[in-house]
Amino acid sequence: MHLYATVAASGFRRHATYRVATAAGVFTNTVFGFITAYTYIALWHERPHLGGYDQSMALTYVWIGQALFATSSLMGGGFQDELIERVRSGDIAVDLHRPADLQAWWLAADLGRAGYQLLARGAVPMACGALAFDLALPASPATWAFFLLSVALGVLVSFALRYLVVLSVFWLMDGTGIVAVSGLSTLFFSGMLLPLNAFPGDLSAIALVLPWSALLQVPADILLGRHTGGALAAALAFQAAWAVLLLGAGRLLQSAATRKVVVQGG
Amino acid sequence: MAEGLRAYGLIVWMWTRSALAYRASFLMTAAVNFAATGLDFLAILLMFSQVDRLGGFSLPEVAFLYGTAGTAFGLADLALGSMERLGGRVRDGTLDTLLVRPVPVLAQVAADRFALRRIGRIVQGLLVLVWSVTRLELHWTALDLVLLPMMLLSGAGIFGAVFVAGAAFQFWAGDASEVQNSFTYGGATLLQYPPSVFAKELVRGVTFVMPLAFVNWLPALRILGRQDPLGLPGWVDFAPPLVAVACCALAGAAWRAGLRSYRSTGS
Chain A
1 MHLYATVAAS GFRRHATYRV ATAAGVFTNT VFGFITAYTY IALWHERPHL GGYDQSMALT
61 YVWIGQALFA TSSLMGGGFQ DELIERVRSG DIAVDLHRPA DLQAWWLAAD LGRAGYQLLA
121 RGAVPMACGA LAFDLALPAS PATWAFFLLS VALGVLVSFA LRYLVVLSVF WLMDGTGIVA
181 VSGLSTLFFS GMLLPLNAFP GDLSAIALVL PWSALLQVPA DILLGRHTGG ALAAALAFQA
241 AWAVLLLGAG RLLQSAATRK VVVQGG
Chain B
1 MAEGLRAYGL IVWMWTRSAL AYRASFLMTA AVNFAATGLD FLAILLMFSQ VDRLGGFSLP
61 EVAFLYGTAG TAFGLADLAL GSMERLGGRV RDGTLDTLLV RPVPVLAQVA ADRFALRRIG
121 RIVQGLLVLV WSVTRLELHW TALDLVLLPM MLLSGAGIFG AVFVAGAAFQ FWAGDASEVQ
181 NSFTYGGATL LQYPPSVFAK ELVRGVTFVM PLAFVNWLPA LRILGRQDPL GLPGWVDFAP
241 PLVAVACCAL AGAAWRAGLR SYRSTGS
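As given, the protein sequences belong to chains A and B, one line each in that order. Anchor point for the first sequence: position 57 equals 57 in the UniProt record's numbering, and the numbering is continuous, going up by one each time. Anchor point for the second sequence: position 94 equals 94 in the UniProt record's numbering, and the numbering is continuous, going up by one each time.
Don't read these hints as lab results, they were simulated from the structure. Just so we're clear, the structure is a prediction, and the values are computed from it rather than from any experiment. C-beta: ideal position from N, C-alpha, C; glycine also. The reader is advised that the hints may include incorrect statements.
[Unchecked claim] Listed below are several chain A residues computed to face chain B (Cβ distance under 10 Å; list not exhaustive):
1. Phe27
2. Arg47
3. Ala237
4. Phe238
5. Ala240
6. Ala241
7. Ala256
8. Lys260
9. Val261
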């Protein structure tokens, strides 16, 4: 356990090293936040209460999206490219010999990264949004605490999905296509383009039960106070269930992939 | 200049041949590129599944803005999109290799890892543009017919200048390549929507400070028969070529200043 805590801390520090890149990312998140906010104002002006949000809730949703964009890797990425390159080059054979579990190692590193990005790339754009627009942020510390718990569960689901994509490269050998497809699916089904509640009818119902909704839609709805009491517990359980299921699938696929490496002789 | 273009052409041809050697992979990545940019349009379609108008504009009108912005940006991205990689070359010192070759550095950086698959973005923008034109009942005058291609080419010129200026900025801040995404991808996203959606100050900013409004907003609003929200005089709609030339000149100056200030990373 101590090992993985160290790995997580080094993941945090590694990303904290690139201060200029972080500042550049904050700037970009803020610019995109402004652009999206104005389009949402126009949309909610035409259809007040679309998806059950009023205008200030919709604007809050925009800035939650920008705050979680890097944290929950809403366009894929993170550790993915690095690990895929290790699979492609065969360096993964060395990793498999280490006295540490591959999945837990990369999960710890990704949690460290997410923690840094929530602090560095989440807080500032959200503050800019709150200064420029009238946001519906909750006053209750408990709501914020449940939001943070939900974000953490969302990062677990995000990691589990990206890890499955990496493992597929053991068979595909080239990750370009699947990384792009999974990145686009994440962008679309997380609700980054438009809240899933505001999707038309059936598409909305389907998108809300897919794992990607755990990345942004569920945490956002918790912060917006749309889930309380039993519904809040159900929302968190929904995220936790997907996290367990997908991490479990990752474990199964990992043992299959490991056997494959041995068969190839590394 | 001619020498630079010739070198650019040769390097581009080399990367294109190398990409086409893996035909299936090329087709797949081009299709993904096409789908990736299509996702923006899907978001607009989803919005219009809930409303009839956005900022007073109908779906075909927004599609016209989307198509013109997407095509202009796609052209610039195809020609100069590789330049965002300059920061990486500054960091790891491989830029030095380019400096000793008897070919302009700008041409080499622009053509470096040229990706023909980016053509997917242009195709997608053009398809939306054609669809919008068939749905809009516009009365095309001879002037409009000149205005449309002029808008696409000048828009590509303006976005191209943004790419070059962004790359020049990376001579000083190699890690800050993401800042330029705000102006390239962010700008392209902004221009997909009607200016009436945005706050006046923002529209003023992208007209007078960072002249992205000349990419498509001003000429496209004339073709659509709409007033521009700032109430600028009518001749401004024909200014995009001049604006593009001015932007390219400024970007060129920034590039030369950046290159002069470049100090190798050393070891």
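Hint check results:
{"no.": "1", "hint": "Phe27", "in the structure": "holds, 6 Å"}
{"no.": "2", "hint": "Arg47", "in the structure": "holds, 5 Å"}
{"no.": "3", "hint": "Ala237", "in the structure": "violated, 28 Å"}
{"no.": "4", "hint": "Phe238", "in the structure": "violated, 23 Å"}
{"no.": "5", "hint": "Ala240", "in the structure": "violated, 29 Å"}
{"no.": "6", "hint": "Ala241", "in the structure": "violated, 27 Å"}
{"no.": "7", "hint": "Ala256", "in the structure": "violated, 25 Å"}
{"no.": "8", "hint": "Lys260", "in the structure": "violated, 22 Å"}
{"no.": "9", "hint": "Val261", "in the structure": "violated, 23 Å"}
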